[in-house]
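J.: Residue numbers (numbering that gives the first Met the number 0), protein chains in the order written: chain E, 0 to 434; chain L, 0 to 434; chain C, 0 to 434; chain W, 0 to 434.
Any given hint could turn out to be false.
Which copy is meant is left open, because identical chains are indistinguishable; a pair holds if it fits in one copy or across any two.
As the list claims (entries may be wrong) - Once the Cα atoms are required to be at most 25 Å apart in a straight line, the calculated SDA-like pairs of lysine to any residue come out as:
id, residue 1, residue 2
1, Lys239, His352
2, Lys233, Asn99
3, Lys107, Gly368
4, Lys135, Arg359
5, Lys107, Gly9
6, Lys239, Ala208
7, Lys6, Asp112
8, Lys96, Ala433
9, Lys239, Glu264
10, Lys135, Ala329
11, Lys107, Asp190
12, Lys107, Asp332
13, Lys96, Leu106
14, Lys135, Val404
15, Lys96, Gly49
16, Lys71, Asp333
17, Lys239, Glu193
18, Lys135, Ser26
19, Lys107, Ser369
20, Lys107, Ala335
21, Lys37, Thr389
No lab work stands behind these hints: they were computed from the structure.
Number of protein chains: 4
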Amino acid sequence: MTITTPKPSGRIPDRSIYERRESEVRSYARAMPRQFDKAEGVWMHDNQGGRYLDFLSGCSTLNYGHNHPILKQALIDYISADGIAHGLDLHTDAKEKFLNTYEELILKPRGLDYRAMFTGPTGTNAVEAAIKLARKVTGRENVIAFTNGFHGMTLGALACTGNAAKRGGAGVPLSHVSHEPYDGYYGPDVDTAELLEQRLADPSSGLDAPAAILVETVQGEGGLNAASPEWLRKIAALAKEHGALFIVDDIQAGCGRTGNFFSFEDMGFTPDIVTQAKSLSGMGLPFALTLFRPELDQWSPGEHNGTFRGNNHAFVTATAALRHFWSDTAFEDDIARRGTLLEQRLETMAREHGFETRGRGMMRGINVGSGELADAVTAACFDDGLIIETSGAHGEVIKVLAPLVIDDALLAQGLDILEARLREAMADDLAVAAE
Amino acid sequence: MTITTPKPSGRIPDRSIYERRESEVRSYARAMPRQFDKAEGVWMHDNQGGRYLDFLSGCSTLNYGHNHPILKQALIDYISADGIAHGLDLHTDAKEKFLNTYEELILKPRGLDYRAMFTGPTGTNAVEAAIKLARKVTGRENVIAFTNGFHGMTLGALACTGNAAKRGGAGVPLSHVSHEPYDGYYGPDVDTAELLEQRLADPSSGLDAPAAILVETVQGEGGLNAASPEWLRKIAALAKEHGALFIVDDIQAGCGRTGNFFSFEDMGFTPDIVTQAKSLSGMGLPFALTLFRPELDQWSPGEHNGTFRGNNHAFVTATAALRHFWSDTAFEDDIARRGTLLEQRLETMAREHGFETRGRGMMRGINVGSGELADAVTAACFDDGLIIETSGAHGEVIKVLAPLVIDDALLAQGLDILEARLREAMADDLAVAAE
Amino acid sequence: MTITTPKPSGRIPDRSIYERRESEVRSYARAMPRQFDKAEGVWMHDNQGGRYLDFLSGCSTLNYGHNHPILKQALIDYISADGIAHGLDLHTDAKEKFLNTYEELILKPRGLDYRAMFTGPTGTNAVEAAIKLARKVTGRENVIAFTNGFHGMTLGALACTGNAAKRGGAGVPLSHVSHEPYDGYYGPDVDTAELLEQRLADPSSGLDAPAAILVETVQGEGGLNAASPEWLRKIAALAKEHGALFIVDDIQAGCGRTGNFFSFEDMGFTPDIVTQAKSLSGMGLPFALTLFRPELDQWSPGEHNGTFRGNNHAFVTATAALRHFWSDTAFEDDIARRGTLLEQRLETMAREHGFETRGRGMMRGINVGSGELADAVTAACFDDGLIIETSGAHGEVIKVLAPLVIDDALLAQGLDILEARLREAMADDLAVAAE
Amino acid sequence: MTITTPKPSGRIPDRSIYERRESEVRSYARAMPRQFDKAEGVWMHDNQGGRYLDFLSGCSTLNYGHNHPILKQALIDYISADGIAHGLDLHTDAKEKFLNTYEELILKPRGLDYRAMFTGPTGTNAVEAAIKLARKVTGRENVIAFTNGFHGMTLGALACTGNAAKRGGAGVPLSHVSHEPYDGYYGPDVDTAELLEQRLADPSSGLDAPAAILVETVQGEGGLNAASPEWLRKIAALAKEHGALFIVDDIQAGCGRTGNFFSFEDMGFTPDIVTQAKSLSGMGLPFALTLFRPELDQWSPGEHNGTFRGNNHAFVTATAALRHFWSDTAFEDDIARRGTLLEQRLETMAREHGFETRGRGMMRGINVGSGELADAVTAACFDDGLIIETSGAHGEVIKVLAPLVIDDALLAQGLDILEARLREAMADDLAVAAE
């Protein structure tokens, strides 16, 4: 069984420019050694006629698919009319529209009162701004982050990231952050919120009073671990009790990925600070926001800045995306339905092989126990026209990050490929083991 | 005397959305309290009919002006054809073209052999990548940066930044960086390269062996201080002698601003690492590069990454900009001519009032001795249709960052405004002093 | 019931010199507001005729009692003969004798092959040397220390200390140390060695690869928590498995306090590094040692030093103490017997009031649940001629650190006082509660 | 010419215990490979009949010579009477006497109002306490220290130390300290106080607002550089102007070494904090003090502590030393006369060979330009019965730290040896050069 996608034709052309001129740091291009040129909706096209169903979505940056026609048209219109592209942090029509729309469609309906800070347009910059602000407001230095958390690559955010290989790139020790066990880290019988509570309450635990507790509700890079609402509520309450700000890094799990605009909706707590990026612009353009309660807005003018903090193209597409997808609940209903589909299919696959599923909403995966196996499966999928990647400390979780706008039938087709390739890989494993 | 630009009409509309929803961290919008909508070439337009000559150029992000027609058309074409917008670090046609063009038009003609790392698309991310790599390659932790240097707002780059107000926003101590006096810091009679040489040679100076020396050839935010080629050569030689990598942060001074594509051309040294951003995309889109010698490319795949490291829109406009402006020397000749014009006019103004000029190429200013005076002058200019800003530790340098493509006559007109407003402000000052 | 010790007579004399000239940092003098002049064996005398049984022993610095006659005579003889007092790190007869004796009586019988480093003569200096060496040898920066651990007040050792009030005195963030839960920290049902094992094995836990694991076998300041041999063995094995050095800080628990010369004897592991101080000189003179396996002795000459690292008076008394107390097993037998006595008496008291005991050997206490109660009891004991102090995060553990040489009958008498005063304080508490 | 000291006789005995059991970190014992047993006044004796004139004085720890009879007798009397040896920070008769004497003979006559903090009894502990307090009181983190400064080996003090080899032993980056050029660092024509003034006044210099400026008036380990009173006054004024505390580390230069009890007397400023150690006990016993203005005494009880902070033996000898040497000005007159003698003799030697002298009072040396030459001279001196050592970044300064109590004739004799051995070494150098 394969999805009927055209395969690329012709010999692989000369790619020596990458060897010669692009740094060895490149990664995805190694596992997916094609050259892409166009993309629309759920499809990516290579420049040799190949077509690929995208179950990666730019790591959740393309929740609305590639080049969504409404966003695309809005952007073309804006550029054609000489709309300002780059405006530092000047007031622009595009920014005003974005702010008004965000207030009307996102904040007001959810009863949220946040101020928005346009940081440099990357997730790591948004996280840096968030922890800077928490330290400034509280006068404390320590930030509590969690095992398997991923928050970015600049030094402040990297210190909050758990992954040793990423941390090792810093070249200096990463300080002022304590990494505590995430929900379920020590198995289902240990409530890690209670462990944290004990350490915070103990004046001799060595855990310095935190400026902030920084958490992802689902750990995108860390293996799709989804924290329970109860655990998150406890952590939020602990933060409040101990004078720390509660920061939700919603960069990967937000913008509908887990079902709602924010990943923490209806959970019974309101973060003090929220970071957003990835799918915020809706079309994959660089854009990031740090939201916080107005009382926390103690920045001096220009105390944190960045040349590209006024990416007006992103304001335009983000506004169009908000209007199109978040004016009513239809999109959330779709996500809920597709998320259930995805869950059921993954559960079936997991049960077949004795694995476990992970995640929430349309941010789910299967823990296949080893990075080698996961890589074998995703490589086979790619050959079959399905772009899919892995996650987790050992890359042991095959993750499905399909566009949220995917047609149910196509979602099923993509999962068929995954199911088949997984079954084959397991058979190969057994064959090898039997030798 | 005023430039004949239309003034905005009508009452100032409701802007409460900014008060209500945008963080207090906003800065430029305070000094230029209009709302802008369109821009082309050297002109910005507010939404009430006002027109402004742009002598700020997005802090040197818009060296080719706003919405340059060739870049704009290339981008519209790309989007219209469903060109990939967001590609993580996958190979794309747009990236391949950019790399080939960069190699052909930039690297080869200059005899430079660099690898390019697409970092998160902001200058600070490029600087973080640069110092990470230097620390990784050398196994050392200390970075030497300079007084009045500005390198970004994320923790690693901020530690390299001299400005106390920016540093204070960190909320944690900024470590692993030594700030040494820049060229001319102690006046014309003290060779600060010699001071640094002594400290580096002295095993008891307290200066830890550096992984890198990080320098701007002209300090954009720090007051337009331009280092002499002799000084830069000495610093480059010191880096080499002491096993440190020599990093030129060319984010603001590069892309033609100081006369050539790189600000250090023809100076007799080759940096080990170069950072670029701002005008690199040509149209103000977020884009950043870290270049380094191939021997230094010791990254593991994915050791440093970032969601928006593959901003394909920026690849497209950057490629178009390289082809249009850097295929021959015409553009450089223009910059040279305009730079001389600018220099002469600023010298005249400075002489009239006993001030000093600063800078190099089309990156020049007048040190008027106080931030208050500078602010008064730039505010008067804005009322007169000229967007111009200040720089320096006390904001005491009025800086001219006109688009490099500006018509000579318009450049003169803008400078006429500056000259007149400066003269008036000086007269006001004298009148106040006489009271 | 009271011990028949003389009470001080006369009015309290003028002590304003302390108010005027000694820093507010003084602590013990506040709870024990007498002025002492002489001391011998288990007795301290104030200068108004009062006599006190010493159940504090200089926080385990006076395990052999005050001014032990044999040590005292050896010191007087040495001084009288113009023996060198201060010798930097020169070879001296006194040092040679100490090293030979230490080798003969301590190392050889225990099958230990250590080199000795004479650090500055305080425990914190010995800890600083230990962690410096571990970082140097492994090339790693992180040190794992434990909740409630206490290792000293200089910045390197303070970073390893758990107590928030002590840490707060640093004035800078304390970095490069991870604090993990000690044995029993999360109650009897959670094996914290397993938690640590999981974090060390997980490349995404945020726990940087450790240079060392630093542990007290019994936490003297942290509440007399005694780690089980099984737990310590696991921790030692984890250190080895993960390339970290295993450091036992034996400053308070060593020199016989827990029963043997080292607190870890017969536990089935050999630390890579051991720190000693407190009772090492035997007479309360400043003296500290860092011991390590010869392969770890990678110091360059003078790479770590200190003016008083050659305290020859301490060499003399330490040698005399080793010869007198550690030439055979009689002393260890005595400690064992007295430790059992102490354990039984404390257990009885604890049972009476529903409390728990803590500790091991002659390093034991009762957790009375609150610092206020513990303070009330120890203050009443002091009025009754018994010097005794508290320990723990909240000062909630009354700790008995009697001289190891105490006569069994005197030990019982001191415990009688404690028992009576505790009973009274509990009765007072009940009375108050009943009101 | 040689001083008529007995030479050691017999073969060098077995010293394998040091190889076997003492760490490679030992240093002085390598250059002076004898074993010492007794010492009195200016003389040290080895255990084979050799006698040595001591021009090292335990690095200024033995300013009153070895085993001064009055101090020695006071200590023997105290021990014989069972005086308390170790008293934590309890009030003791010995401590009261010390405080009263220090107030009467040191503080009052000099018009100084300081509180004394008994830190752990090493210089580095005193420095750690000083910088902790400065950070606590000011709420700032940065400490300004100077090139070639030496302040100790624990992490906080080591960060203030300039020497790269010592710093390298830390194994972690040393942070929160800026190293600025000491007086004369850039030659006689550059006023480094002015350089510092500029950097402190410049909000963009990258120099974080300092909690303290920490300085030695003469750099004992750093090459006997003596700061001028003018420079020190400027630095003290800069500290005050910028809200930093001015700390004089008087550990090596104090206690008469430079002429008065404090090295900064009569210079026209009063430090906020002073550290003392080395010769404070008078007999080489471990003892350290941190002095500060009463308003700065913001410690909480026990916020900084240390087991050996109440070394009563040291209180006794320190009190005796204060009474004997500092009750009148006779001792200071002696130092002044001998200092002049020393200065003249060193100047003569320096002139003969084209060298320069360094230092002040009885803390002087000759910079012979290379560590190899200095080592050759001091080794020859040792063979001739003179103990003398080197200092400076390259060990290029031969330093004379004779006991302050040395008889003028003996001082001359020792200098005769130095003069002769220096002349020989210079002749050897010339001979080698001529080959």
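J.: Give the relationship of Lys6 and Asp112 under a CA distance limit of 25 Å: within one copy only, between copies only, both, or neither.
T.: neither (50 Å within a copy, 36 Å between copies)
J.: Is the C-alpha distance from Lys96 to Ala433 at most 25 Å within one copy, between copies, in both cases, or in neither?
T.: neither (63 Å within a copy, 49 Å between copies)
J.: When no copy is named, should Lys107 and Gly9 be tagged within, between, both, or neither for a Cα gap of at most 25 Å?
T.: Cα proximity of Lys107 and Gly9: none, with 54 Å in one copy and 31 Å across.
J.: How would you label the pair Lys107, Asp190 (within, between, both, or neither) given a Cα cut-off of 25 Å?
T.: So Lys107 and Asp190 fail the 25 Å test inside a copy (34 Å) and across (48 Å) alike.
J.: Between copies, within a copy, both or neither: which fits Lys107 and Ala335 at Cα up to 25 Å?
T.: For Lys107 and Ala335, only the intra-copy Cα distance (22 Å) is at most 25 Å; the inter-copy one is 54 Å.
J.: First find the shortest C-alpha distance between Lys96 and Gly49 inside one copy, then the shortest across copies, and answer within, between, both or neither for a cut-off of 25 Å.
T.: Between. Shortest inter-copy distance 20 Å satisfies the 25 Å Cα cut-off; intra-copy 39 Å does not.
J.: Within a copy, between copies, both or neither: where do Lys239 and Ala208 come within 25 Å Cα-Cα?
T.: within (12 Å within a copy, 32 Å between copies)
J.: Quick one: Lys107 to Ser369, C-alpha cut-off 25 Å, is that within a copy, between copies, both, or neither?
T.: So Lys107 and Ser369 fail the 25 Å test inside a copy (44 Å) and across (45 Å) alike.
J.: Is it within, between, both or neither when you check Lys135 against Ala329 at 25 Å Cα-Cα?
T.: Answer is neither; intra-copy 40 Å and inter-copy 49 Å both fail.
J.: Within, between, both or neither: how does the pair Lys233, Asn99 come out at a Cα-Cα threshold of 25 Å?
T.: The answer is neither: 33 Å in one copy and 53 Å across copies each exceed 25 Å.
J.: Go through the copies and call it for Lys96 and Leu106: within, between, both or neither, with a Cα cutoff of 25 Å.
T.: within (14 Å within a copy, 42 Å between copies)
J.: From the Cα coordinates, with 25 Å as the cut-off, is the pair Lys135 and Ser26 best called within, between, both, or neither?
T.: between (36 Å within a copy, 19 Å between copies)
Hints 1, 2, 3, 4, 5, 7, 8, 10, 11, 14, 19 from the list above are not met by this structure, while the remaining hints are.
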